[in-house]
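Quick note, the sequences are listed as chains U and G, same order. When you number the first sequence by the numbering used here, it's gap-free, plus one each residue, and the end is 617. When you number the second sequence by the numbering used here, it's gap-free, plus one each residue, and the end is 150.
It cannot be assumed that every hint is accurate.
[What the hints assert, rightly or not] Simulated pairs of lysine-lysine, DSS-like, Cα-Cα distance not exceeding 27 Å:
#  : chain 1 : residue 1 : chain 2 : residue 2
1  : U       : Lys477    : G       : Lys132
2  : G       : Lys74     : U       : Lys49
3  : U       : Lys588    : G       : Lys144
4  : G       : Lys44     : U       : Lys265
5  : G       : Lys61     : U       : Lys477
6  : G       : Lys141    : U       : Lys589
7  : U       : Lys601    : G       : Lys74
8  : U       : Lys550    : U       : Lys489
9  : U       : Lys561    : U       : Lys549
10 : G       : Lys144    : U       : Lys601
[Stated by the list, open to error] Simulated restraints, written as ranges between beta carbons of each label pair:
#  : chain 1 : residue 1 : chain 2 : residue 2 : range
11 : U       : Lys268    : G       : Met148    : 27 to 37 Å
12 : U       : Glu203    : G       : Lys36     : 41 to 51 Å
13 : G       : Glu37     : U       : Glu315    : 17 to 27 Å
14 : G       : Leu65     : U       : Gly408    : 25 to 35 Å
15 : G       : Met148    : U       : Ala53     : 44 to 54 Å
16 : U       : Asn283    : G       : Gly14     : 20 to 30 Å
17 : G       : Leu65     : U       : Tyr490    : 27 to 37 Å
It is worth saying that the hints were derived from the structure and are not from the lab. All values reported here derive from a predicted model rather than from experimental measurement. For glycine and all other residues, C-beta sits at the position ideal for the given N, C-alpha and C.
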Amino acid sequence: MPRFESVDHLTQYRREVKARLDPERPQVLVCAGPGCLPLGSEEVAEAFKEALAEKGLDAKVALKSSGCQGLCALGVRVLIRPQEITYQKVTVEDVPEIVETTLVNKAIVDRLIYQDPATEAKSAHKGEIPFYKNQQPIVLRKLDILDPESLDEYLALGGYRSLRKIFFQMTPEQVVDAVESSGLRGRGGAGFPTGRKWRICREAEGAVKFIICNGDEGDPGAFMDRAVMEGDPHAVIEGMIVGAYAIGARQGHIYVRHEYPLAVKRLKIAIEQAREAGFLGKNILRSGFDFDIKVSQGSGAFVCGEETALINSIEGFIGEPDNRPPYPAQSGLFGLPTVINNVETWANVPEIINMGADWYAAIGTEKSKGTKVFSLVGAVNHTGLVEVPMGTSLRQIVYDLGGGIPEGRPFKAVQTGGPSGGCIPEQFLDLPVDYDSLQEVGSIMGSGGMIVMDNTSCMVDVARYFIGFLHAESCGKCTPCREGLTQLKYIYEEITSGRGEMEHLTLMEDLCRAMASASICGLGQSAVNPVLSTLKYFRDEYEAHIKEKKCPALVCRPLLKYTIDPETCTGCLACVRECPVGAISGVKKEAQEIDQELCIKCGLCYEVCQFDSVKRE
Amino acid sequence: MDQARLDSILSRYGGEPYDLIPVLQDIQDGYGFLPKEELKVVAKSLQVPVTQVYSVATFYKMFSLVPKGRNQLKVCLGTTCHLKGGNRLVDSLESRLGVEVGYTSKDGEFSLETVGCLGSCAQAPVMMINDKYYARVTADKVPKILKMYQ
């Protein structure tokens, strides 16, 4: 990789790379994103390597591992270009057939292409599949076709074009104006107007300023930022260079959570490549502007996603948030003005510069511009990452893109915003998703986790789960959060164990009022959302747990009873082997019995029984 | 205490107080835990009070003051994994390995932890053993997976 000393040099090189990377050359792209990796994409890629070599095609066909190809539920995904055929559920055994049928004979392997669950129509191309054609990818656009460790490919796709514009055609002020006019709001969850944050920092006193990328994606159920950091790391770097120029920062940090080692690796590789090319370091493209980036790793603390806690973590302290004001834009890292934005926010910046603020502002709703990446997970057929314009309705996301609920089960709720968010019931399915509308119904946008729930989820259990999570992650600094969560956790345990009282509900509401108004940071303040939203929309479930000591969804263990149906039990002993407390006994090949005194209601027998003989009530 | 080994870690950084967490991360990754003697040297070397080192070492989940097992199991209990039976997976592992969450087996072979979210939500329930991810791990799949490490 040459070191680019001028924009012309870069433009020339980009032309050469584009010519070299012949778009008509056959390519096999094996998805190595967060969904496909645990399903064995590395083994599939290895199998392709062997199969292609065997057929003498390894020089002709380019084999690559790509970033997330989106529809994770049907992974391992493989994309064949230039035909844009997308194969799903590919295993090592399928590979020789794909090579023979598609790469040699140019035909399609019918059993590996998408089939619509409702119409049963088959589609081999992305453009025909509802999950893909209903999206508007900006941030995710390059993920499925890019080798994330190749700067050449990133350049060929227009990477780092924004640098020419910002350094030589715009003043830093104008860059701030552009981001402000675009209407971009922070994608980490709070949705604060990005341009305004940059302006505050730009105008703050002092010559030394910092840029931080918050890659601490801690919301369970969210993996959008992981996919971007792993699949398109240069987009984050490019966005940060623009931001640094806009506010006058010389040093940036990307803070990645500890649980994402691959993201750390890819970012470090990308930073080295950018340095080599002269996009980071001194006098970038002879603009006179210096900027470099360091990667800092989290150490396993959800609260470090909070901006002041994150900053304290970089400084070598425990992740306790600080009171605000002052906000980081005025007093942040080492007490100096700092802009801290989320991964997805940064990844949007290059396109805003390239295509213009007006282009971006034309997408979305009046107060929420642009697109949002969601991780659509839970009880939905097409789990995976989707990017849609703000204002798309929940119904469209869950049904048109998501393909609806598996086994035709009834929709119960969609949970957005992670542990700081709320549960939204069926009556709001036509809600256009944007920052304000979600807040109005008692939830938040959050980082983009969207968890669909059907009638097998207990809403009391869901709230209990989030309170348990937040209680474990609370830093402990302020009383309302630390003690409030402890008491809420205790109350939920009482309710889900059959010892709940109606007074508990009033007490929870009181606690929530205190926590919302007096906690230092968002963790404590928005911990009330899962509690209040479920109390509002699913009060009947709480009452069933309290008054009838029953869990209607059959989830809360202490309120369940497991028995074995003697008619259907074959005596295979699978449950006996699985039971952690030896509560099941009987003669081999005859019906088994569960001792209710010993049973801890873990449900493992229910999970392993192949004959549907274990009954749960 | 292996001074040379610790020095090679410290030399990667600038010796500033804000290098504390990266230094501790390298020690945790290299040694499998944070030994007391090493922590005292780190405190002196970075000009950070021992109390701060201790506070950081006990605040963050990745750090352990006692050695972890040769194989580290991390079961995801993120929202989706919770809804898809992550707790049953934990029960099954605790029972089969004879170790409770947060602890290490007596022979030092396995330590078991739960984590908030591993970021592979589409494939719930998920667990990691060392660097490898396992997807859609229902209780029936556990014996086969564990056998590879036993």
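Now the hints, each set against the structure:
no., hint, verdict
1, U/Lys477 to G/Lys132, "35 Å, violated"
2, G/Lys74 to U/Lys49, "31 Å, violated"
3, U/Lys588 to G/Lys144, "23 Å, holds"
4, G/Lys44 to U/Lys265, "30 Å, violated"
5, G/Lys61 to U/Lys477, "17 Å, holds"
6, G/Lys141 to U/Lys589, "23 Å, holds"
7, U/Lys601 to G/Lys74, "23 Å, holds"
8, U/Lys550 to U/Lys489, "19 Å, holds"
9, U/Lys561 to U/Lys549, "12 Å, holds"
10, G/Lys144 to U/Lys601, "24 Å, holds"
11, U/Lys268 to G/Met148: 27 to 37 Å, "30 Å, holds"
12, U/Glu203 to G/Lys36: 41 to 51 Å, "48 Å, holds"
13, G/Glu37 to U/Glu315: 17 to 27 Å, "25 Å, holds"
14, G/Leu65 to U/Gly408: 25 to 35 Å, "51 Å, violated"
15, G/Met148 to U/Ala53: 44 to 54 Å, "28 Å, violated"
16, U/Asn283 to G/Gly14: 20 to 30 Å, "23 Å, holds"
17, G/Leu65 to U/Tyr490: 27 to 37 Å, "28 Å, holds"
Consistency with the previously given hints fails for numbers 1, 2, 4, 14, 15, ordered from lowest to highest.
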